[in-house]
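Student: What follows is each chain in one-letter form.
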Amino acid sequence: MDKLASLLHTSPAIAWMVAKLVIVFAGVFSLAAVWTWVERRGSAMIQDRIGPNRAALFGKIKIIGLAQPLADGIKFFFKEDLVPHDANKGLFWLAPFLALVPALMGFAVIPFGRSFVSGGQEYHLALLDPGNGMGLLYPLAIGGMAVYGVLVAAWSSNNKWSILGGMRSSAAMVSYEIGMSLAVVALFMRAGGYDPSEIITAQGGTLWKVLPNWNIFHQPLGFIVFFTCMFAETNRLPFDFAEGESEIVAGFNTEYGSMKFSLLALSEYCHLMTASALMATLYFGGWQVPFVQDPSVMLSVLSFLVKMLFFAWVFVWIRWTLPRFRYDQLMHLGWKAMLPMSMVNLVFHAWRMSQGH
Amino acid sequence: MRGYASILLLILVAVALPIIILNLSRLLRPSWPSAAKYATYECGIVTTNEAREKFSVRYYLVAVMFLVFDVETVFLMPWAIQMKELAVFGFIELGLFLFLLLFGYGYIWSKGALTWE
Chain A
77 MDKLASLLHT SPAIAWMVAK LVIVFAGVFS LAAVWTWVER RGSAMIQDRI GPNRAALFGK
137 IKIIGLAQPL ADGIKFFFKE DLVPHDANKG LFWLAPFLAL VPALMGFAVI PFGRSFVSGG
197 QEYHLALLDP GNGMGLLYPL AIGGMAVYGV LVAAWSSNNK WSILGGMRSS AAMVSYEIGM
257 SLAVVALFMR AGGYDPSEII TAQGGTLWKV LPNWNIFHQP LGFIVFFTCM FAETNRLPFD
317 FAEGESEIVA GFNTEYGSMK FSLLALSEYC HLMTASALMA TLYFGGWQVP FVQDPSVMLS
377 VLSFLVKMLF FAWVFVWIRW TLPRFRYDQL MHLGWKAMLP MSMVNLVFHA WRMSQGH
Chain B
1166 MRGYASILLL ILVAVALPII ILNLSRLLRP SWPSAAKYAT YECGIVTTNE AREKFSVRYY
1226 LVAVMFLVFD VETVFLMPWA IQMKELAVFG FIELGLFLFL LLFGYGYIWS KGALTWE
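Residue numbers (the numbering used here), protein chains in the order written: chain A, 77 to 433; chain B, 1166 to 1282.
Next comes chain A alone, as it looks inside the complex (with noise of 0.2 Å):
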C-alpha cells in the first residue's frame, strides 16, 4: 500500500483519473466477459450438465474452461458480418453503440471502495468523485438511455421478430422504470442526498446491535421493487422479453450477427454488472464491512466486489431457475403491483420521517 501511496504522490490527479478509468472501464468490460462463462457454467451446474469446460489456452492451460470467453471472443472476430438488405444500414451499425456506450458508462458514479488521505490528499475510489452533483441521478438517467440500444436495433433490422422484441422489451422496460426510481426516491430520503458515497456513509454501523445497518433492513419492501425492476431493466429472464428465444427466435438481434452481435451480447452482461454494484450499494451498504467500523481500503475493495458478484451471480441463478412471464402478467406485475408497492414504500417512509425517526 505504501508504495502505491508514493507513487501517487509524485503523479498528477490526471494520472489518478486515467487509472481509474481504466480500472472501472476494463473491470466491468474483463467481469462482463467473464459473466458469459460464468451464466453457461451456472445454467450447466443448476440443469445437471457439464458446461464449457473444454477451452484452452495454447492447448494446455485449461481451467475449467476459463478460456472460453477468449476464445468466443476470437471467433467473433472471424465470422463474416450480413448487414440484411431491407435493414435500414445506418441506424443497424449505430444499435450496438447505443447499446454498449450506456452500459459502459453507467458504472461511474459506484463508488468501488472507501476514499483514503495519502500525503494531505484524498483520493476517492469512484470515476466521479462525490459531490459532483449527479450522484445516482446519473446512472439513473443513464440506464433509461439502454432502451434506445433495444429499439434501434430492433426496428433497424426490419424484421418481424426483431419488431415485436423490441417493442414488447422497451414497453416492460419503462414501464418498470417508474417502480425503480420511487423505490430509489425513499432511499434519497433516508440520506438526504444523491450522493452515493452518502447513500453509503449513512449505511454504516449496525441494526439493533445484530444487524448491520443497512437500507435492505430499513427498507425491504423499495428493495423487493428495486430488484425486480432491475431485471426488467437488464432485459434478463424472467422479464427478457427483448430475447425470448424459445418465442421469437431471437428478438431483437435476430439479424445481428460477427462482432455486432458480440457487443449487443456483452453489453447486456455490462448491465447486469451496474445492476449489480447499484444493488450492493443502494441496499446493501456499498464497501461496507458489517460489523467493521472502519474497514482498510482493501477491505472496502472486496467487500463491494463480493457483494456485486453476489448479485451478479443471482442474476445468472434466477435466469435458469423461472420461466419467462407472459406479456400481460408482465405488465400488470409492472403497472399494478411494482408502482402501488413503491408509493407505499415512499409514503410509509416520509411519515416514518415526518415522526422524527
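In short, the hints are calculated from the structure, not lab data. Treat the numbers as computed from the prediction; the structure is a model and nothing was measured. Take these hints with a grain of salt, some might be off.
Calculated lysine-lysine pairs in the BS3-like style (CA-CA distance at most 25 Å, straight line) [stated by the list, open to error]:
{"hint": "1", "chain 1": "A", "residue 1": "412", "chain 2": "B", "residue 2": "1276"}
{"hint": "2", "chain 1": "B", "residue 1": "1276", "chain 2": "B", "residue 2": "1219"}
{"hint": "3", "chain 1": "A", "residue 1": "165", "chain 2": "B", "residue 2": "1219"}
{"hint": "4", "chain 1": "A", "residue 1": "136", "chain 2": "A", "residue 2": "151"}
{"hint": "5", "chain 1": "B", "residue 1": "1202", "chain 2": "A", "residue 2": "165"}
{"hint": "6", "chain 1": "A", "residue 1": "151", "chain 2": "B", "residue 2": "1202"}
{"hint": "7", "chain 1": "A", "residue 1": "165", "chain 2": "A", "residue 2": "155"}
Derived coverage of chain A by chain B (criterion: at least 3 residues anywhere in the stretch with Cβ under 8 Å from a Cβ of chain B; other residues may be distant) [what the hints assert, rightly or not]:
{"hint": "8", "region": "129–139"}
{"hint": "9", "region": "195–209"}
{"hint": "10", "region": "249–263"}
Every residue, glycine too, gets a C-beta built ideally from N, C-alpha and C.
Using the hints, position chain B against chain A.
Tutor: Chain B only, in chain A's frame:
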C-alpha cells in the same frame, strides 16, 4: 478535476472501443456475399411483407403514461433530500402531490389502459 472531465474521457473510450473492435474485425473477417445471406430471416421461408406494420396502440399508451409518471418522479427527487428538514410539512406536501398522482393513476386504471389481454 472536480468537473466532469472523467465522464467525457469515459464517453470517448466507450465510443472508441466498439469502433476499434469493429474495424479490426473488418480486417480479419471473410466476405462471400450471396443473395440468400442478405435476405431478412423469417423462419426459413421467403419474407412476405414489410415488418414495420401497424402495432397495438397499447404500446404507445404505455409510453405516454411513462412520460407522465416519470416527470412526477423527477419532481419528487428534490423534495426527498429535503425531507429531514421539512418533517410534517413535507409529509403533507407529499400527500397532496401523491393524491393528484393517484387520481390520474386511478383514472387510467378505470379506463382500462393498464389492462392487457
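Student: Failing hints, ascending?
Tutor: 8
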